[in-house]
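> Sequence:
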Amino acid sequence: RAPADAASSYDQRTTWAQYPTCINGRRQSPIDIATAAAVAGGVEPMAPHLRPLDRLLLVNTGRSFQVHEQGSAVRVLPAGATPATAPVENGSASKGYTVLHGRRYDFYQVHWHTPSEHLVDGRHAALEAHFVHRDASESGLAVITVLYDEAAACDPLLSAFWDDFPPSDGARRYAESAASVDFGAMLSELLLRGGGAYQWEGSLTTPPCTEGVEWRLIKARRHVCAAQLERLRAALGAASGVRANNR
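Residue numbers for the sequence shown follow our numbering, so the first one is 1 and each next one is one higher.
Everything labelled a hint here was simulated from the structure, so no lab data went into it. Do not rely on the hints blindly, as some may be mistaken.
What the hints assert, rightly or not - Here are the simulated distance ranges between beta carbons:
{"hint": "1", "residue 1": "P167", "residue 2": "S137", "range": "32 to 42 Å"}
{"hint": "2", "residue 1": "P156", "residue 2": "A17", "range": "36 to 46 Å"}
{"hint": "3", "residue 1": "R193", "residue 2": "T61", "range": "29 to 39 Å"}
{"hint": "4", "residue 1": "T61", "residue 2": "T14", "range": "14 to 24 Å"}
{"hint": "5", "residue 1": "S180", "residue 2": "P20", "range": "39 to 49 Å"}
{"hint": "6", "residue 1": "R134", "residue 2": "Q18", "range": "17 to 27 Å"}
{"hint": "7", "residue 1": "C154", "residue 2": "H101", "range": "16 to 26 Å"}
{"hint": "8", "residue 1": "R103", "residue 2": "S188", "range": "13 to 23 Å"}
{"hint": "9", "residue 1": "T61", "residue 2": "A178", "range": "16 to 26 Å"}
For each residue, glycine too, the CB sits at the ideal point set by N, CA and C.
Make the full structure from the sequences, and use the hints.
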């Protein structure tokens, strides 16, 4: 990557060294999936039951673009911030779920990384989506991953709300979108294309790098255009000077 797209080695060492698991963990994510070494079979069928979302809460965290569902409450921002309030995620209503190993994981949020955090046969994809799930205890986590290859055509599902993301992670980091999106249908369509998914037990990809996370990376991919990639890269660069957010 170009210098502006990579953090300095000093920044990486000082940040990650505060979390021993990130350095000493034995099941750390992301990984490089060597397809020739992958063991076929033994992967349980995955049937996401994510319901359509009609009122999106878009958040520019400064580290990613993140989608939640709007609630009726508001969050008061720090003194002096404008606007004075911002919508918050609707935590009480189920956004759907996925069952893995007989255990229900509720869908929580989705966010994106560019380039991809995971590699397949040593190669990054242009974009990676993480559909984050958590169980009833909120201590068990599962992530369904979708990779995107760059193409001339923009991704139609992203196009419904991508330009509504705030360009800054400052006081106006939240935005509402009236777009209706069906992430569940998208995931089901990818699975129906065939090929299934890779599965493994790994970790969070950012500090504190907690292990025991159930990962599923769907083999079928979507496409994303240069303009959509640039919007995320520009937002990341504005927040930190680093136009990438992969580990």
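> Determine which of the earlier numbered hints do not hold for this structure and return their numbers in increasing order.
Result: hint 7 breaks, nothing else.
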